[in-house]
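A.B. asks: Build out the structure end to end from the sequences listed, making use of the hints.
Chain by chain, the residues run as shown.
There are 2 protein chains.
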Amino acid sequence: MAKRYAVIMAGGKGERFWPASRLARPKHLLPIVGDKPMLAQTVERLGGSLPVENVIVITNIEQLEGVRAVCPMLPAENVVAEPVGRDTAAAVGLAMLLVKQRDPEASLAMLPADAFIQDADSFQTALDIAFQAAETSPSLVTIGIQPTEPATGYGYIHRGPVERVIGNRDIFGVRQFKEKPDLETAKCYLQNGEYFWNAGMFVWKVSTISEALAEFTPALKAGLDDIESGMASGQDLAELLDELYPKLEKISVDFAVMEKAKNVLTLAATFDWDDVGAWPAIERHLPADRAGNVKQGGAKFLNCSSNIVVSGDDHFVALIGVEDLIVVHVDDATLVCKKDQAQNIKQMVKSLGEEEALRKLL
Amino acid sequence: MAKRYAVIMAGGKGERFWPASRLARPKHLLPIVGDKPMLAQTVERLGGSLPVENVIVITNIEQLEGVRAVCPMLPAENVVAEPVGRDTAAAVGLAMLLVKQRDPEASLAMLPADAFIQDADSFQTALDIAFQAAETSPSLVTIGIQPTEPATGYGYIHRGPVERVIGNRDIFGVRQFKEKPDLETAKCYLQNGEYFWNAGMFVWKVSTISEALAEFTPALKAGLDDIESGMASGQDLAELLDELYPKLEKISVDFAVMEKAKNVLTLAATFDWDDVGAWPAIERHLPADRAGNVKQGGAKFLNCSSNIVVSGDDHFVALIGVEDLIVVHVDDATLVCKKDQAQNIKQMVKSLGEEEALRKLL
Chain A
3 MAKRYAVIMA
13 GGKGERFWPA
23 SRLARPKHLL
33 PIVGDKPMLA
43 QTVERLGGSL
53 PVENVIVITN
63 IEQLEGVRAV
73 CPMLPAENVV
83 AEPVGRDTAA
93 AVGLAMLLVK
103 QRDPEASLAM
113 LPADAFIQDA
123 DSFQTALDIA
133 FQAAETSPSL
143 VTIGIQPTEP
153 ATGYGYIHRG
163 PVERVIGNRD
173 IFGVRQFKEK
183 PDLETAKCYL
193 QNGEYFWNAG
203 MFVWKVSTIS
213 EALAEFTPAL
223 KAGLDDIESG
233 MASGQDLAEL
243 LDELYPKLEK
253 ISVDFAVMEK
263 AKNVLTLAAT
273 FDWDDVGAWP
283 AIERHLPADR
293 AGNVKQGGAK
303 FLNCSSNIVV
313 SGDDHFVALI
323 GVEDLIVVHV
333 DDATLVCKKD
343 QAQNIKQMVK
353 SLGEEEALRK
363 LL
Chain B
3 MAKRYAVIMA
13 GGKGERFWPA
23 SRLARPKHLL
33 PIVGDKPMLA
43 QTVERLGGSL
53 PVENVIVITN
63 IEQLEGVRAV
73 CPMLPAENVV
83 AEPVGRDTAA
93 AVGLAMLLVK
103 QRDPEASLAM
113 LPADAFIQDA
123 DSFQTALDIA
133 FQAAETSPSL
143 VTIGIQPTEP
153 ATGYGYIHRG
163 PVERVIGNRD
173 IFGVRQFKEK
183 PDLETAKCYL
193 QNGEYFWNAG
203 MFVWKVSTIS
213 EALAEFTPAL
223 KAGLDDIESG
233 MASGQDLAEL
243 LDELYPKLEK
253 ISVDFAVMEK
263 AKNVLTLAAT
273 FDWDDVGAWP
283 AIERHLPADR
293 AGNVKQGGAK
303 FLNCSSNIVV
313 SGDDHFVALI
323 GVEDLIVVHV
333 DDATLVCKKD
343 QAQNIKQMVK
353 SLGEEEALRK
363 LL
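Top line first, the protein sequences correspond to chains A and B. For the first sequence, position 318 (counting from the first letter as 1) is numbered 320 according to this note's numbering, and the numbering increases by one without interruption. For the second sequence, position 162 (counting from the first letter as 1) is numbered 164 according to this note's numbering, and the numbering increases by one without interruption.
None of these hints come from the bench; they were simulated from the model.
Repeated chains share a single entry, so a pair holds when one copy, or any two copies, can fit it.
Taking lysine-lysine and the DSSO-like style, the derived pairs with C-alpha atoms no more than 27 Å apart in a straight line are:
#1 Lys348 with Lys297
#2 Lys352 with Lys302
#3 Lys362 with Lys302
#4 Lys15 with Lys302
#5 Lys341 with Lys302
#6 Lys15 with Lys348
#7 Lys302 with Lys340
C.D. replies: Encoded structure:
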């Protein structure tokens, strides 16, 4: 069996989880749902599938220290920081190089750091099947999520007919990758039944993704080749990336590769999955009282319904006569936000950045 | 001129200002409005009228330390604690004894600790006129507040015809003291024009209030006489009160005396007055943004209207998409309360007292 790697993408600013999340402490470094930081959960979930030295995390400079802190089990050289963000295709290329350096025959899974998945066994089974599919034919394999609602916040994968069966699981061809749809379109996808959510989980061999990048994004691939040469000549990786990474073409892997490649396969996740995209999502993972209020930490509700409270264990929040609120308390800041305005948290965070005295809250 | 004293009543649990107020740190020990604790403002406001040694504060055991801390200017013996609360008539009796011990010929003003009055000159003028009225005839003088709205939270004073004029100010007789009315009745009072709010500000000679207590509440007066005898024999005041105060009749001064006495006079306050009875009241004393939001401390509003935020300078509160909320942050607790449910803060505080782990928040 060829060697398998997982590369976890741990970037993202996590503004949607302010004030708990900050620039240097984004969502994946916080225990938003579950008892550990989301990234630590993601690393641990791979425990049954891969040895820890085959798990690599790509993050950014601001979060490097935080990532090392929540992933003490990872070898130091397995945590790599992009000096600047160059979108997902560049990150996919960097992941490919990091694995190729260790074993050019290997295959790798690309995984987001911050999805919440409880059924680790099912996850590991799906990952194993995806690896098998990628190892036994030169294909770009993605694990799709069966939609449960007409979500407009995800891209969709329109699957084709069954192309293979591995371990009793259908492996589908892919008709098309779809960008985030409007609500009407999302409803059609849901009803059609042939659409999965694109959760950003990909599995491929080093050689397969390398060829796909060369075919569909030759400029990016040329930039990656320069980095690869530097690595081969023993240059310090951080210095090399500082110099060459900013020059890479900035494009998403969906747009650059997945929407164009013909050799894409997909299988359906049978595990639970929640990307917990913003504060309202945590409600699904906390026990509610009769009036639909949920809490993490100390809180009491009087004449209240459908509120979400997140406070530390050392801070108590009392709610009286309010509904549909998100209340989040941390040491230096408190958020009180109507649930249906959670998308405006980003705007609030932006406005903090515009005032010198408030920049410490970012 | 006979000697004049002021006795400030600084009891009250201040539950309505939770979480800022606590059992040992009630409203009058906090700078709810203005830059000093309400009690300190009340003491300072008397500065032009009385020497500081003629200002006495009656509080309770729990708040004794806090009162001494915010009133360092007062002689230690001028801060006296009731061992238990026995309603206002007993407190009036104790005030009378404390002044009588110093000067049996004196007159005294009874004042609440926590009213917000900015026009100190007008206040001192009114107080001087009330003292003159009380000193020149054996009468129970009260300073009434001209109502500005049909408030149901105050008792009312139905004034009679002008009985005297002192310093160009009308001193009225009193037809009747009225308990807190319902809204319809309050509207009638407001329209009638002969009704003042009863702000609990009384002025009388020691001999006048002593005789009134003897006439209308002889049992209470007998208990007070026992305390007086003990004081005369040099017993320690605290020990004396511990022993005898709990035995005093428990009744309000309005009900026991003011509603029955014939020799009651009243004059209208010309100073501003706000008893700042609960969180919604502080709105009147803070500058509002265009959408009617007010704040004390760090806060920002996005798509918000008519909110009140009170936070420390070291804590920032962000509100998004909410209206008519009171948000109060202190170190160990945060309150989020719909304005029109502020009366339920007491119930929340009560429920905290029912849980061992939350009792520290009282």
